[in-house]
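**Q** So the number in the numbering used here is just where the residue sits in the sequence shown, counting from 1, plus 349.
Treat the hints with caution; some may be incorrect.
[As the list claims (entries may be wrong)] Mimicking PhoX-like on lysine-lysine, the simulated pairs with C-alpha atoms at most 25 Å apart in a straight line are: (1) K418 / K499; (2) K438 / K395; (3) K517 / K406; (4) K489 / K406; (5) K438 / K508; (6) K422 / K406; (7) K458 / K499; (8) K422 / K395; (9) K467 / K395; (10) K406 / K394; (11) K499 / K406; (12) K438 / K484; (13) K467 / K508; (14) K418 / K394; (15) K508 / K458; (16) K484 / K406; (17) K394 / K499; (18) K467 / K499; (19) K468 / K418; (20) K438 / K418; (21) K499 / K489; (22) K458 / K489; (23) K468 / K508; (24) K499 / K517; (25) K468 / K395; (26) K422 / K394; (27) K468 / K394; (28) K508 / K394; (29) K438 / K467; (30) K468 / K438; (31) K458 / K484.
[Claimed, not checked] Distance ranges between label pairs, derived from CB positions: (32) E413 / R453: 16 to 26 Å; (33) S410 / N432: 38 to 48 Å; (34) Y456 / K508: 17 to 27 Å; (35) G472 / L492: 38 to 48 Å; (36) K406 / L486: 15 to 25 Å.
Everything labelled a hint here was simulated from the structure, so no lab data went into it.
Heads up, the beta-carbon is just placed ideally off N, CA and C, and yes, glycines get one too.
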Amino acid sequence: MSTKKPLLIYSMIFSVAFILCGCGGSSGDNVKPPAEDVPVTFHQKKNGLEIDFLVSKEGFSVGEDVSLKLSIKNTNSNTRVLNFTSGQKYDFLVEDSSGREVWRWSYDKSFTMALEEKKLEPGEQLTYEVIWPQKDLENKQVLAGDYLVKGFCSAMELKDVILSLEIKVVD
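Make a model of the complete structure from these sequences and hints.
**A** Given below as structure tokens:
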């Protein structure tokens, strides 16, 4: 019986130590690390053109500027021509999770009504950039939530190419 007593004590000490080690750790062990602040891009090709839509990152704090960028690059070995029916070359818009448009870059702008042709030489790129200040069409701060941002070039050759990316606005 006396040899079993030290074995029992060692077993209990080992068990308590094992349980304590399993319960240890910092209080943040189950906290997911924040997402990296890396750009989010959507890429599409059409007729020898590469169209890229870039958002500065995926997650934003309420009120933080959202940088939007649309690029059209001629990857063809020939000159490409883009035909525009007005002075508006591009647009960006934002929809909330219900699909309701909350912001559009061109909402308060006027454009000439004139046909215009833009030649893109091989390797040449057009880039359009805007900032969405997280305001709606009435200039009110949008709420936290999921949003779909869209960008497109208004050239007749690209009229069916609308690029979309999801972003999240958090408190």
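**Q** For each hint, tell me whether it holds in the structure or not.
**A** The hints, checked one at a time:
Proximity of K418 to K499 is assessed by CA-CA distance (about 10 Å); at most 25 Å being required, the pair is judged to hold. For the hint linking K438 to K395, the alpha-carbon distance of about 17 Å falls within 25 Å, and the restraint holds. Note on K517 and K406: the hinted pairing holds, with a Cα-Cα distance of about 9 Å set against a maximum of 25 Å. Straight-line distance between C-alpha atoms of K489 and K406 comes to about 22 Å, which keeps the hinted pair within the 25 Å bound.
Proximity of K438 to K508 is assessed by CA-CA distance (about 11 Å); at most 25 Å being required, the pair is judged to hold. With a C-alpha separation of about 22 Å, the suggested pairing of K422 with K406 holds against the 25 Å cut-off. A distance of roughly 18 Å separates the Cα atoms of K458 and K499; the hinted pair therefore holds under the 25 Å criterion. Distance check on the hinted pair: K422 and K395 sit about 10 Å apart at the alpha-carbon level, within 25 Å; holds.
A threshold of 25 Å between alpha carbons decides the hint, and for K467 with K395 the separation of about 17 Å falls inside it, so the pair holds. Proximity of K406 to K394 is assessed by CA-CA distance (about 22 Å); at most 25 Å being required, the pair is judged to hold. A hinted pair counts as satisfied when its Cα atoms are at most 25 Å apart, and K499 with K406 qualifies at roughly 14 Å. Note on K438 and K484: the hinted pairing holds, with a Cα-Cα distance of about 22 Å set against a maximum of 25 Å.
Proximity of K467 to K508 is assessed by CA-CA distance (about 15 Å); at most 25 Å being required, the pair is judged to hold. Proposed proximity of K418 and K394 is supported: the alpha carbons are some 16 Å apart, at most 25 Å. Restraint check: the Cα-Cα separation between K508 and K458 comes to about 20 Å, which is no more than 25 Å; the hinted pair holds. Under the criterion of a C-alpha separation no larger than 25 Å, the hint pairing K484 with K406 is consistent with the structure, at around 18 Å.
Of the pairs offered as hints, the one joining K394 and K499 holds, with about 16 Å between alpha carbons and a cut-off of 25 Å not exceeded. Between K467 and K499 the CA atoms are separated by roughly 23 Å; this keeps the pair inside 25 Å, and the hint holds. At most 25 Å may separate the alpha-carbon atoms for a hinted pair to count; K468 and K418 meet this at roughly 20 Å. Taken as a hint, the K438 and K418 pair is honoured in the structure, with Cα atoms around 13 Å apart against an allowance of 25 Å.
The straight-line distance between the Cα atoms of K499 and K489 is roughly 20 Å, inside the 25 Å bound, and the hint therefore holds. Distance hint between K458 and K489 is fulfilled; the C-alpha atoms sit about 18 Å from each other, no more than 25 Å. Between the alpha carbons of K468 and K508 the distance comes to roughly 17 Å, so the proposed pair stays at or under 25 Å and holds. Of the supplied pair hints, the one linking K499 and K517 holds, its CA atoms being roughly 14 Å apart against a limit of 25 Å.
In summary, the hint linking K468 to K395 is supported, as the alpha carbons are separated by about 16 Å, within the 25 Å threshold. For the suggested pair K422 and K394, the alpha carbons sit about 9 Å apart, so the restraint of at most 25 Å is met. For the suggested pair K468 and K394, the alpha carbons sit about 18 Å apart, so the restraint of at most 25 Å is met. Restraint check for K508 and K394: satisfied, since their Cα atoms lie roughly 13 Å apart, inside the 25 Å limit.
Only pairs whose Cα atoms come within 25 Å are accepted, and K438 paired with K467 is accepted, the gap being roughly 10 Å. A threshold of 25 Å between alpha carbons decides the hint, and for K468 with K438 the separation of about 13 Å falls inside it, so the pair holds. Taking the CA atoms of K458 and K484, the gap is near 16 Å; set against the 25 Å cutoff, the hint holds. Taking the beta carbon of each, E413 and R453 are about 19 Å apart, inside 16 to 26 Å as hinted.
The hint said 38 to 48 Å for the Cβ distance between S410 and N432, and at roughly 40 Å that hint holds. For Y456 and K508, the Cβ-Cβ distance of about 19 Å falls inside the hinted range of 17 to 27 Å, so the restraint holds. Distance hint check for G472 and L492: the Cβ-Cβ separation is about 43 Å, which falls inside the suggested range of 38 to 48 Å. The hint said 15 to 25 Å for the Cβ distance between K406 and L486, and at roughly 24 Å that hint holds.
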